[in-house]
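Given the structure of chain A, go ahead and fit chains B and C onto it with the hints provided.
Chains as they are written, first to last, in this note's numbering: chain A, 1 to 132; chain B, 1 to 132; chain C, 1 to 132.
By construction, these hints were calculated from the structure, which means they are not laboratory data.
All residues carry an ideal CB built from backbone N, CA and C; glycine is no exception.
Accuracy of the hints is not assured; some may be wrong.
What the hints assert, rightly or not - The list that follows gives simulated cross-link-like pairs (lysine to aspartate or glutamate, DMTMM-like), each with its CA atoms no further than 25 Å apart:
{"hint": "1", "chain 1": "B", "residue 1": "K63", "chain 2": "B", "residue 2": "E122"}
{"hint": "2", "chain 1": "A", "residue 1": "K63", "chain 2": "B", "residue 2": "E66"}
{"hint": "3", "chain 1": "B", "residue 1": "K63", "chain 2": "B", "residue 2": "D18"}
{"hint": "4", "chain 1": "A", "residue 1": "K67", "chain 2": "B", "residue 2": "E66"}
Stated by the list, open to error - Covered by chain B, according to a simulated footprint, are these stretches of chain A (three or more residues, beta-carbon under 8 Å):
{"hint": "5", "stretch": "31-37"}
{"hint": "6", "stretch": "50-60"}
{"hint": "7", "stretch": "83-95"}
{"hint": "8", "stretch": "120-127"}
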Amino acid sequence: MTYTESIKVKVRSQDFVDITSKVEGIVRVSKVKDGLCTLFAIGATSSLIINENEPMLIEDLKKFLEKIASSKGFYHHAANAYSHIRSAIFGNSQIIPIKDGRLMLGTWQSIMVVNFDTRSREREIVVTVVGD
Amino acid sequence: MTYTESIKVKVRSQDFVDITSKVEGIVRVSKVKDGLCTLFAIGATSSLIINENEPMLIEDLKKFLEKIASSKGFYHHAANAYSHIRSAIFGNSQIIPIKDGRLMLGTWQSIMVVNFDTRSREREIVVTVVGD
Amino acid sequence: MTYTESIKVKVRSQDFVDITSKVEGIVRVSKVKDGLCTLFAIGATSSLIINENEPMLIEDLKKFLEKIASSKGFYHHAANAYSHIRSAIFGNSQIIPIKDGRLMLGTWQSIMVVNFDTRSREREIVVTVVGD
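Okay, chain A solo, but in the shape it has when bound (with noise of 0.2 Å):
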């Protein structure tokens, strides 16, 4: 069994979204019991973080970034380029494993849509849910 959803959010410039809620509700949708919730963030300057959703730890993230890839520092693309690093450092996709029906994340883990581009931008995240 297939069953694919997107979710849409409007994200500021560097802010990190909490959909783990959302995707539980698709999980509980697709009535899978058994099975893998895979997660794809459409989009070249975003990303999907499983982390604690704690916000002197998204400052932490957000200083660690700007200091290994500056908003401020020299690139060739165009004004974006660290945007794009960002992203590929931390990725588009993620998988987490179902259990009796239920997404199965450690206590302190959400899932987080992360809009590294230089405006605010609605990103839109396709989850599929596969299993039986």
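Structure of chains B and C alone, referenced to chain A:
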């Protein structure tokens, strides 16, 4: 067909533990001949890395991480902010194709669990095998 | 349904080779209309990146890697330690959803194989298509 089994391993802070043979054992039990093996590390301070299990290289990886996300840096989040950042860089999941009942890993590709937290922890990895 | 096929490409050291159309061809042959396309790069010094295939951006990505994991740095492992570190950062696998027989990639998302080793190598990417 979907077959799921968890691996639990005690891992010291910043250590890498090779679970390749454990994963191969689960693939054998699943009886899947052609398909995919997906792995997911539960916990926001651990990661799964597929690379060469060679002690000097592991040292290099640790030094690299200490350079870009130092354990001694200043962070806003609690004491293990660097653990979360390191986990976000390497990610929590991996997918490996299966052919004739075997993982299609390269000669130097081993599956390793890393515990980036500040203390020893038992880490759980969910192995899901899908295919025919 | 599971369909598997390998792509082999010769890639120079540190180069990026676009395999999007080759992967699209495999999805067509598989006849899968709705499902998932997973990719796995065999080898501990190669990676798969989904991002914009634009020469200036590729230069920026190479410079970024040279900065954080320098080819001239001191390492304990053999001469290609930086190749392994770069491969670990970007990872070996990707998953892309398929809808109406087509990869759901964004406008600027291309699938690229990177050879981080110190010399030209033929790289193998296993493409597995699952779905209905």
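Verification of the hints:
1. The straight-line distance between the Cα atoms of K63 of chain B and E122 of chain B is roughly 23 Å, inside the 25 Å bound, and the hint therefore holds.
2. Among the hinted pairs, K63 of chain A with E66 of chain B is consistent with the structure: their alpha-carbon atoms are about 16 Å apart, no more than 25 Å.
3. A threshold of 25 Å between alpha carbons decides the hint, and for K63 of chain B with D18 of chain B the separation of about 19 Å falls inside it, so the pair holds.
4. This hinted pair checks out: K67 of chain A and E66 of chain B have alpha carbons roughly 14 Å apart, not beyond 25 Å.
5. Closer than 8 Å: that is the beta-carbon criterion, and the stretch 31-37 of chain A has 3 residues meeting it against chain B, so the requirement of 3 holds.
6. Counting residues of the stretch 50-60 of chain A whose C-beta sits closer than 8 Å to any C-beta of chain B gives 8, which meets the bar of three, so the coverage hint holds.
7. Restraint check on the stretch 83-95 of chain A versus chain B: 5 residues with Cβ-Cβ distances below 8 Å, three needed, restraint holds.
8. Figure legend: the stretch 120-127 of chain A, annotated as covered by chain B; annotation inconsistent (0 residues with Cβ-Cβ distances under 8 Å, at least 3 required).
The structure does not agree with numbered hint 8 stated previously, though it agrees with all others.
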